[in-house]
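Trainee: Since the structure of chain A is provided, determine the placement of chain B on it from the hints.
Taken in sequence, the protein lines are chains A and B.
According to this note's numbering, the residues represented by the first sequence are 1 to 239, in order.
According to this note's numbering, the residues represented by the second sequence are 1 to 433, in order.
These aren't lab readings, by the way, just hints derived from the structure by calculation.
It cannot be assumed that every hint is accurate.
What the hints assert, rightly or not - Simulated restraints on C-beta separations:
| hint | chain 1 | residue 1 | chain 2 | residue 2 | range |
| --- | --- | --- | --- | --- | --- |
| 1 | B | Ser-150 | A | Glu-57 | 50 to 60 Å |
| 2 | B | Arg-406 | A | Tyr-120 | 43 to 53 Å |
| 3 | A | Gly-107 | B | Ala-389 | 44 to 54 Å |
| 4 | A | Glu-211 | B | Ala-293 | 26 to 36 Å |
| 5 | A | Asp-105 | B | Pro-194 | 50 to 60 Å |
| 6 | B | Arg-406 | A | Asn-108 | 31 to 41 Å |
| 7 | B | Gly-343 | A | Arg-74 | 47 to 57 Å |
| 8 | B | Ala-293 | A | Ala-163 | 45 to 55 Å |
| 9 | A | Glu-57 | B | Glu-350 | 36 to 46 Å |
Glycine residues also receive a C-beta, built at the ideal position from the N, C-alpha and C atoms.
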Amino acid sequence: MTGRIDEKTYGELREIAARYPQARSGLLPMLHLVQSAEGAVTPAGIEACAEVLGLTEAEVSAVATFYTMYKRHRVGDFHVGVCTNTLCAVMGGDAILERLKEHLDVGNDEVAPKRQGDQYTVSVEHIECNAACDYAPVAMVNWEFLDNQTPDGLVRTVEALRAGHPVSSTRGPRICTWRQAERVLAGFDDGLADEGPVAGPASLVGLGVAEQQGWMPPHGLTHEELAHEIEDEMHEEDA
Amino acid sequence: MTAQLQPVLTANWGVDHAWTLASYTSTGGYEGLRKALAMSPEEVVETVKASGLRGRGGAGFPTGVKWGFLPDNGAPRYLVVNADESEPGTCKDIPLMMASPHTLVEGVIISSYAIKANRAFIYVRGEVLHVIRRLQAAVREAYAAGHLGSNIHGSGYDLELVVHAGAGAYICGEETALLDSLEGRRGQPRLRPPFPAVEGLYASPTVINNAESIATVPAIVKHGAEWFAEMGTEKSNGVGIFSLSGHVTRPGQYEAELGITLRELLDLAGGMRGGRELKFWTPGGSSTPLFTAEHLDVPLDFESVAAAGSMLGTRALQIFDESVCVVRAVLRWTEFYKHESCGKCTPCREGTYWLVQVLARLERGEGSEEDLELLLDQCDNILGRSFCALGDGATSPITSSIKYFRQEYLDHLTHGGCPFDPAAATLFEGVRA
Chain A
1 MTGRIDEKTY
11 GELREIAARY
21 PQARSGLLPM
31 LHLVQSAEGA
41 VTPAGIEACA
51 EVLGLTEAEV
61 SAVATFYTMY
71 KRHRVGDFHV
81 GVCTNTLCAV
91 MGGDAILERL
101 KEHLDVGNDE
111 VAPKRQGDQY
121 TVSVEHIECN
131 AACDYAPVAM
141 VNWEFLDNQT
151 PDGLVRTVEA
161 LRAGHPVSST
171 RGPRICTWRQ
181 AERVLAGFDD
191 GLADEGPVAG
201 PASLVGLGVA
211 EQQGWMPPHG
221 LTHEELAHEI
231 EDEMHEEDA
Chain B
1 MTAQLQPVLT
11 ANWGVDHAWT
21 LASYTSTGGY
31 EGLRKALAMS
41 PEEVVETVKA
51 SGLRGRGGAG
61 FPTGVKWGFL
71 PDNGAPRYLV
81 VNADESEPGT
91 CKDIPLMMAS
101 PHTLVEGVII
111 SSYAIKANRA
121 FIYVRGEVLH
131 VIRRLQAAVR
141 EAYAAGHLGS
151 NIHGSGYDLE
161 LVVHAGAGAY
171 ICGEETALLD
181 SLEGRRGQPR
191 LRPPFPAVEG
201 LYASPTVINN
211 AESIATVPAI
221 VKHGAEWFAE
231 MGTEKSNGVG
241 IFSLSGHVTR
251 PGQYEAELGI
261 TLRELLDLAG
271 GMRGGRELKF
281 WTPGGSSTPL
291 FTAEHLDVPL
301 DFESVAAAGS
311 MLGTRALQIF
321 DESVCVVRAV
331 LRWTEFYKHE
341 SCGKCTPCRE
351 GTYWLVQVLA
361 RLERGEGSEE
371 DLELLLDQCD
381 NILGRSFCAL
391 GDGATSPITS
401 SIKYFRQEYL
411 DHLTHGGCPF
421 DPAAATLFEG
431 VRA
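Pulled out of the complex, with its shape left as it was, chain A reads as follows (with noise of 0.2 Å):
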């Protein structure tokens, strides 16, 4: 967590800027992968991000403390997020998040200790609005959505995080940890994409009594006949 960057991150981060037409464009995803390579927005991290763009340390320090994922302490392996926004927290987020800092005793953002035969650290703390809403009471554990939760329910989940055991997003892949995380937001791929369902039940609920009905939107263009008409078009170019 001292000292300096190391070459292959240091190699990545030139990467990330090099996507975007204008190089600074690339500072919100190169702290992503600063959060990934030191744990947090070390200052080593901030100089790094400050060198290969040409700033200077404070004006990265300015956009690093402007934005709520960027973390300047440590957050635990897995950081789970209870969401206290109205909505959530009428449906339990408050009872839900009460019972959690309880059960780690933490107060908010804090991680709570490791403990002997724990495999990992967690850490917690309230969020806004994740727009999972129709899941309400909704938690999120590095970033990936944890739908329906009860008190009790998160505690379990929590303590099978600490112990090690693999625990799977509702709607994703098994968790992985918040620095792995940080790396797939900084647009490094883990093959992850094609793990997890297609959509959670909510999502589906209109569909599903559409499919029943028999309703289905006023006609279109069969496929068929689409191609057809490309064809046309594409013949009076030619023409």
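Mentor: Only chain B this time, still in chain A's reference frame:
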């Protein structure tokens, strides 16, 4: 019985591996792109204009008209997709991008072609890891299939697309804040004019559209402007995804023509959970003034919702039953706006702070009836005086709740605190049907 739901964007969400190129193509995916590339860019713009598609991110500005604003000054043009879905209650773009990211990617390619942009960006909020994986994978597949890159399908048209993950800031859903963020800065809104169409990303002509708007483009090009325009109401054309959450029996995504009512949607969703009474709801996220049971029959289109005193917004229908304390709900939203205020302008930065102070005092049963007037006065000093819509939005739940539930605020004073039992409203302790 006439069809009440019209799955267009959601149609393939139940298909096995719908997120893959193979699956998407097998259900007619990328046919819109083929058709678009056989048209001139101007014809594609005209088609979207004629369809009447209006922005699905909340403001409802006609998408095709927006595309027509770009000046022809030789500067590079950019398409930026706003997939920073963060408005409380809004949960439509995330399942769309998870189930069928290619719908959005195809929309990006067609839309970029139409506005003659050679670079496009999908700005997706960072807190949705698996959605980001699926988007990144879809873009890789689209490059490999020749849908992206140089000389797309021999058309001579080039397009580079980057999926860009944000880092946690509600304000970045505001389009000019999003641009600053995409330029690697703090996400703070810009003064307009100049509008992004003239000076957007890197001070170049830029179109910013919501993810659902762009994802709707392939279907419009594929099936024709008329097909889309025939759906919906006279001025609010087409279909949209309605997101029902909260105390309904079957919360979830319901894609329907604009103009459907909450009463109709509730019927489809199995009614209120446990047969309880509807108390209040948001038509389009927490920034849109609250509605009550008296608004069950308001057609959910841009005009009708505005005429009834709110906004269609993102069709984020957060539904609360009689067990919920409106003061608690409004205080929590207000704490959210305070937390997410970017700090650039005084009315929003200071105003949201003081709104929380006064509301919290009322919620504890302290303070006095005059505090309600104080709140309204504070709102009056924020609404229309803030730099961007975040400040305006912060006032919506407060002014509308005082309008419909003034007595409930006063009850907190007489009761010496909140008269409601929060446990009664939860998913796990309430009356689960």
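Trainee: Indicate, hint by hint, whether the structure satisfies it.
Mentor: We went through each hint and held it up to the structure:
In this structure the supplied range 50 to 60 Å is violated for Ser-150 (chain B) paired with Glu-57 (chain A), their Cβ-Cβ distance being about 38 Å. At about 50 Å, the beta-carbon gap between Arg-406 (chain B) and Tyr-120 (chain A) stays in the expected band of 43 to 53 Å. Checked against the hint of 44 to 54 Å, the C-beta distance between Gly-107 (chain A) and Ala-389 (chain B) comes to roughly 33 Å, which is inconsistent with it. Against the hinted window of 26 to 36 Å, the Cβ-Cβ separation of Glu-211 (chain A) and Ala-293 (chain B) comes to about 30 Å, which satisfies the hint.
At roughly 53 Å, the beta-carbon separation of Asp-105 (chain A) and Pro-194 (chain B) lies within the given 50 to 60 Å, and the hint holds. Roughly 33 Å separates the CB atoms of Arg-406 (chain B) and Asn-108 (chain A), a value that falls within the hinted 31 to 41 Å. Between Gly-343 (chain B) and Arg-74 (chain A) the beta carbons are some 26 Å apart, a value that contradicts the proposed interval 47 to 57 Å. Restraint check, Ala-293 (chain B) to Ala-163 (chain A): a C-beta distance of roughly 48 Å satisfies the suggested window 45 to 55 Å.
Restraint check, Glu-57 (chain A) to Glu-350 (chain B): a C-beta distance of roughly 30 Å breaks the suggested window 36 to 46 Å.
Figure legend: structure checked against the earlier numbered hints; hints not met, in rising order: 1, 3, 7, 9.
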